[in-house]
Amino acid sequence: MSDTRALRPFSEPSSVMRWLAAVVVVTYAVISLLPLAWIGATAFKSQSDAIAYPPKVIFTPTFEGFVDLFTVQTHQPHDFIAKLPPPTTWYEKLARDRDMVIAGPSRVVERFLNSLIIGFGSTVLATFLGTLTAYAFSRFKVPFADDLMFFILSTRMMPPIAVAVPIYIMYRYLGLYDTRIGMILLYTAVNVSLAVWLLKGFIDEIPREYEEAALIDGYTRLQAFRKVVLPQAVTGIAATAIFCLIFSWNEYAFNLLLSSGQAQTMPPFIPFIIGEGGQNWPAVAAGTTLFLVPIVIFTIALRKHLLRGITFGAVRK
Amino acid sequence: MSGIESMPKLAGRIADQAIQGRAKHFAGLSDRSIAWLFISPTMFLLLAINIFPLIWAIRLSFTGFMSNLPNPARFIGIANYVDILTDEDIWQHFQVTAHFVFWTIAFQVLIGFGLAFLINQKFRGHSFWTTVILLPMMLSPAVVGNFWTLLFQPQIGPFNYFIGFFAGLAPSSFTMIGSVDLAPWTIVIVNTWMWTPYVMLICLAGLRSIPDYIYEAAEVDRASAWRQFWTITLPMVLPFLMLSVLFQAIQSFEMFDMVNLLTSGGPGSTTELVSITLKRAAFEEWRTGYASALAVILFVTIFGAANIYVKVLNKVKQQ
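One line per chain: the protein sequences are Z and B, in this order.
Be aware that the first sequence starts at 3, since it is given in my numbering, and climbs by one per residue.
Be aware that the second sequence starts at 819, since it is given in my numbering, and climbs by one per residue.
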């Protein structure tokens, strides 16, 4: 036994072990995906299929959930609907089949728009500030650099609920409560700490020799930064930006407490998608699915940088 | 050839400098001033949005201020702190939080390390499945908490069927969210589902950082696989594991989003974490001074934990 073990090259685990590992890992992966698959499926169920007892795995897909998500509807008696002119669009028809009349668009589009504006606004700001600060920490002798870096990281660790109490009072006072600008500034402050730490890691990896060569060629520091360092850091900046975007997109506590309607984003809104007569699960699931799809895409795009992102740039491989 | 190519470049560079001759006064800032120019906006933002409110909160914590009333803040000394530290309910919420933090971390470490160890066997397709496993941790905790309420529905949700099928129980014989005994485990299950990938990913990095030659040397010494695991694998992964545990401890200690939407603290107050108590005191009862004192207590705890976290972080970085 020990002889055969000595014969095979070490870093190759035995094939039985590998096979076993594959079975366990794939089983875990599939089970952990089930909740997401269930939500995705519920988005395409009719309301009665969604609350069927026992739960339905096989069902006829429908877009009712999505129509309910994007529209406000009223229930009407059957003969009233029969008197109406025939529906002109597929979604009107879908509503009429359930004795519903579409009264107008729902607020979900505004919420998505808020999510996008606040998300991109804070991402651009945080990445911009983060790049500058990270460059300074990476290349110059800054007094108390370690303490300042710790300070920057520690702001990220603060429990949002605890910070929200004084920010709420401050925002009320400054007129930033329930404004997109207020949310953008707040998310920028939260994201900038991650951006600085991540980007410092990326910029540290760019050899100083490139810049030094540029400086000898007569570039000023700022020119060297713009024309030599920035192009080299593009991948890092992009990865950082996606991390910031995901944070702002997912954020809930601050938005819940510091907005009441004007600047509300999707996460606090989704739980309040309620239809006529009880929770409209297909509509909630449709909203959730639309909300989660971009994250799934970004996660796949980011997979090589995820480790850096979750450890503030400390672990690289 | 290369000489010809560099001529236009050189010309361009000279032209560049000629144009920017005047601008250079500004652009040719000293390194010191650039450093401050680049750092100060970030610092200003953090001071304005994090530190200023923090100081304000500390000040408010010594007052009986209620932000829904027009009364000015009245100084009441350390009464809020005394109230909090002698309140049995608060201690109960800290216990609920401790239960939550302890068990999620225990499960995350066991499952996360196990998965990382298995993925490190490098079977075919392991990187694809790693990405699949990572998905839950990128999602919005609030949205996760919200959709798990559907999965946990005793009759229409699939969770009870899944467990009932494997445990041989009737699916409607138990409720997860509504039961005093099971609700604390409900939030543990969802948090574990969401954050195990985090621990896994960092452990995987740790496992991959162990150079092969150490194992080869152990092999030469005929150390058993079991012994190799305890004397090489575990000690070398430990700093990475510590890093993930510390971060998860901080994160679950201040957990709000997921639990607020999944159980909102109930039934009773069996899942009321400290952050939910804080939110209720501040935004439902409007006891701002009292809530600020509780917030300050949380700050101090987290700040201590963050200090240790950064030390471990720097240690791992040096490896």
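No lab work stands behind these hints, which were simulated from the structure alone.
Treat the hints with care, as some may be off.
[What the hints assert, rightly or not] Just so you have them, the derived chain Z footprint on chain B, three or more residues with Cβ under 8 Å:
#1 886-894
#2 908-921
#3 1117-1129
[Unchecked claim] Cross-link-like lysine-lysine pairs, in silico, DSS-like; alpha carbons within 30 Å at most:
#4 Z/K306 with B/K1129
#5 B/K1133 with Z/K143
#6 Z/K95 with Z/K85
#7 B/K1133 with B/K940
#8 Z/K85 with Z/K58
#9 Z/K229 with Z/K306
#10 Z/K306 with B/K940
#11 Z/K143 with Z/K229
#12 Z/K306 with B/K1135
#13 Z/K143 with B/K940
#14 Z/K95 with B/K940
#15 B/K1135 with B/K940
#16 Z/K143 with B/K1129
[Said to hold, decoys possible] DEER-style ranges, computed between Cβ atoms:
#17 B/Q913 with Z/E214: 54 to 60 Å
#18 B/Q913 with Z/S262: 46 to 52 Å
#19 Z/Q234 with B/F1121: 32 to 38 Å
#20 B/A1035 with Z/E214: 50 to 56 Å
#21 Z/I299 with B/F912: 37 to 43 Å
#22 B/K1135 with Z/I299: 27 to 33 Å
#23 B/L928 with Z/F142: 40 to 46 Å
#24 B/L928 with Z/P56: 30 to 36 Å
#25 B/F870 with Z/F142: 24 to 30 Å
#26 Z/G220 with B/L928: 55 to 61 Å
#27 B/F912 with Z/Q234: 45 to 51 Å
Since this is a predicted model, take the numbers as computed values, not measurements.
The beta carbon of each residue, even a glycine, is placed where N, CA and C say it ideally should be.
Here is how each hint holds up against the structure:
Here's how the stretch 886-894 of chain B fares: 0 of its residues keep a CB closer than 8 Å to some CB of chain Z, so the rule of at least three is not met and the hint is violated. With 0 residues carrying a beta carbon less than 8 Å from a beta carbon of chain Z, the stretch 908-921 of chain B misses the three-residue requirement, and the given coverage is violated. Only when three residues or more bring their CB closer than 8 Å to a CB of chain Z does the claim for the stretch 1117-1129 of chain B stand; here the count is 8, and the claim holds. The suggested pairing of Z/K306 with B/K1129 holds, with an alpha-carbon distance near 25 Å, which does not exceed 30 Å.
Distance hint between B/K1133 and Z/K143 is fulfilled; the C-alpha atoms sit about 21 Å from each other, no more than 30 Å. The suggested pairing of Z/K95 with Z/K85 holds, with an alpha-carbon distance near 14 Å, which does not exceed 30 Å. Between B/K1133 and B/K940 the CA atoms are separated by roughly 27 Å; this keeps the pair inside 30 Å, and the hint holds. For the given pair, Z/K85 sits about 35 Å from Z/K58 by alpha-carbon distance, which is inconsistent with the 30 Å threshold.
Distance hint between Z/K229 and Z/K306 is fulfilled; the C-alpha atoms sit about 26 Å from each other, no more than 30 Å. A distance of roughly 17 Å separates the Cα atoms of Z/K306 and B/K940; the hinted pair therefore holds under the 30 Å criterion. In summary, the hint linking Z/K143 to Z/K229 is supported, as the alpha carbons are separated by about 22 Å, within the 30 Å threshold. Taking the CA atoms of Z/K306 and B/K1135, the gap is about 18 Å. The hint holds against a cut of 30 Å.
With a C-alpha separation of about 43 Å, the suggested pair Z/K143 and B/K940 falls outside the 30 Å cut-off, and the hint is violated. Only pairs whose Cα atoms come within 30 Å are accepted, and Z/K95 paired with B/K940 is rejected, the gap being roughly 52 Å. Only pairs whose Cα atoms come within 30 Å are accepted, and B/K1135 paired with B/K940 is accepted, the gap being roughly 25 Å. For the given pair, Z/K143 sits about 21 Å from B/K1129 by alpha-carbon distance, which is consistent with the 30 Å threshold.
For B/Q913 paired with Z/E214, a C-beta distance near 58 Å keeps the hint of 54 to 60 Å intact. Here the CB-CB span from B/Q913 to Z/S262 is close to 34 Å, at odds with the stated 46 to 52 Å. Hint check: Z/Q234 to B/F1121, Cβ distance near 36 Å, so the stated range 32 to 38 Å holds. Checked against the hint of 50 to 56 Å, the pair B/A1035 and Z/E214 fails, with Cβ atoms roughly 41 Å apart.
For Z/I299 paired with B/F912, a C-beta distance near 40 Å keeps the hint of 37 to 43 Å intact. At roughly 30 Å, the beta-carbon separation of B/K1135 and Z/I299 lies within the given 27 to 33 Å, and the hint holds. Between B/L928 and Z/F142 the C-beta distance comes to about 45 Å, which sits within the given range of 40 to 46 Å. At roughly 32 Å, the beta carbons of B/L928 and Z/P56 sit within the given window of 30 to 36 Å.
A beta carbon spacing of about 27 Å between B/F870 and Z/F142 agrees with the range 24 to 30 Å that was offered as a hint. Between Z/G220 and B/L928, the C-beta spacing of about 60 Å keeps the proposed range 55 to 61 Å intact. Roughly 48 Å separates the CB atoms of B/F912 and Z/Q234, a value that falls within the hinted 45 to 51 Å.
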